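These protein sequences, in sequence, are chains A and B.
All residue numbers for the first sequence refer to this note's numbering, where the first residue is 236 and numbers rise by one.
All residue numbers for the second sequence refer to this note's numbering, where the first residue is 4 and numbers rise by one.
Think of the hints as simulated: they come from the structure by calculation, not from any bench.
Certain hints may be false.
Unchecked claim - Derived DMTMM-like pairs (lysine to aspartate or glutamate); straight-line CA-CA distance at most 20 Å:
hint, chain 1, residue 1, chain 2, residue 2
1, A, K259, B, D39
2, B, K58, A, E298
3, A, K259, B, E35
4, A, K259, B, D36
5, A, K287, B, D39
6, B, K6, A, D285
7, B, K9, A, E298
Said to hold, decoys possible - Label pairs and their computed distance ranges (CB to CB):
hint, chain 1, residue 1, chain 2, residue 2, range
8, A, F264, B, L24, 24 to 30 Å
9, A, T253, B, K58, 20 to 26 Å
10, B, L24, A, K307, 35 to 41 Å
11, A, E298, B, L59, 32 to 38 Å
12, B, D39, A, V269, 25 to 31 Å
13, B, Y51, A, R306, 37 to 43 Å
14, B, T46, A, V269, 24 to 30 Å
Stated by the list, open to error - If you only want the chain B side, here are some residues facing chain A, beta carbon under 7 Å, derived:
hint, residue
15, I12
16, V13
17, L43
Treat the numbers as computed from the prediction; the structure is a model and nothing was measured.
Beta carbons are placed, not taken as given, at the ideal position from N, Cα and C, and that holds for glycine.
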Amino acid sequence: VVDQIQLWEMELNRLVITNSYLYKEFRTFADYEVVLKHANTLGVVVWSSDSKKMIGITEAGHERVKAFIKRKIVQRR
Amino acid sequence: MVKAVKGTIVKCDPAVKQVILSLDKKEKVIIEDLDDNHLLIDTSRVDYIKKEVEKLLEENTYKSELDKAPN
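The following block holds chain A by itself, in its conformation from the complex (with noise of 0.2 Å):
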């Protein structure tokens, strides 16, 4: 019983932390698919919801992912 509270503890107080930039109000699923694909292959994807159009970037995967969008989604209106 013991260790399973303490396991119990420390998956309590684990929090996960990473400064990030949350990518949203995509006008489409479909702008918000394409940036996720591109960014799940750099592997900068922190967090991702296709309910919310939102997509969780890795601060240092930022400037990779507004460049892409520039010149995939901006170029394209």
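Let chain A serve as the given structure and place chain B on it in line with the hints.
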């Protein structure tokens, strides 16, 4: 148009998330509530949150262990 908001993503279990939500009522620290296990937090407030979460969890440990401990 897409927006990028700077902050710190905190991954935690739902119990810790509740603690952070209660801290946010006293002093705004949450930028965006993401899901049951994730919050976007003001980066400058992360150390404060860590300290407060530890403090509150210590206070509640005895009570929580009674709730959680198997017979």
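Check: Does D36(B) lie within 20 Å of K259(A) when you go C-alpha to C-alpha?
Finding: Given pair K259(A), D36(B) holds - Cα atoms ~13 Å apart, limit 20 Å.
Check: Taking the beta carbons of Y51(B) and R306(A), is their distance inside 37 to 43 Å?
Finding: holds (38 Å)
Margin query: Taking the Cβ atom of L24(B) and the Cβ atom of K307(A), is their distance within the range 35 to 41 Å?
Written below: holds (36 Å)
Checklist line | Range hint compliance [Cβ, T253(A) to K58(B), 20 to 26 Å] | finding: holds (23 Å)
Item checked: Range hint compliance [Cβ, T46(B) to V269(A), 24 to 30 Å] -> The hinted range 24 to 30 Å holds for T46(B) and V269(A), with Cβ atoms some 28 Å apart.
Check: If you check the beta carbons of E298(A) and L59(B), does the distance land in 32 to 38 Å?
Finding: holds (37 Å)
Check: Does K259(A) pair with E35(B) here, judged by a C-alpha cut-off of 20 Å?
Finding: holds (11 Å)
Check: At a threshold of 7 Å, is the proposed contact between V13(B) and chain A supported by beta-carbon distances?
Finding: Given a least distance of 6 Å, the restraint on V13(B) holds.
Next item on the list: Please verify that hint: L43(B), Cβ, nearest Cβ of chain A, below 7 Å or not.
Entry: For L43(B), the interface hint holds, since the closest Cβ of chain A sits about 5 Å away, which is under 7 Å.
Note to self: Check whether the Cα positions of K9(B) and E298(A) lie no farther apart than 20 Å.
What the structure shows: holds (12 Å)
Check: Straight-line Cα separation of K58(B) and E298(A) no greater than 20 Å?
Finding: violated (37 Å)
Notebook entry, point to check: Taken at face value, is the distance from the CA of D39(B) to the CA of K287(A) at most 20 Å?
Noted result: holds (13 Å)
Violated hint: 2 only; the structure is consistent with all others.
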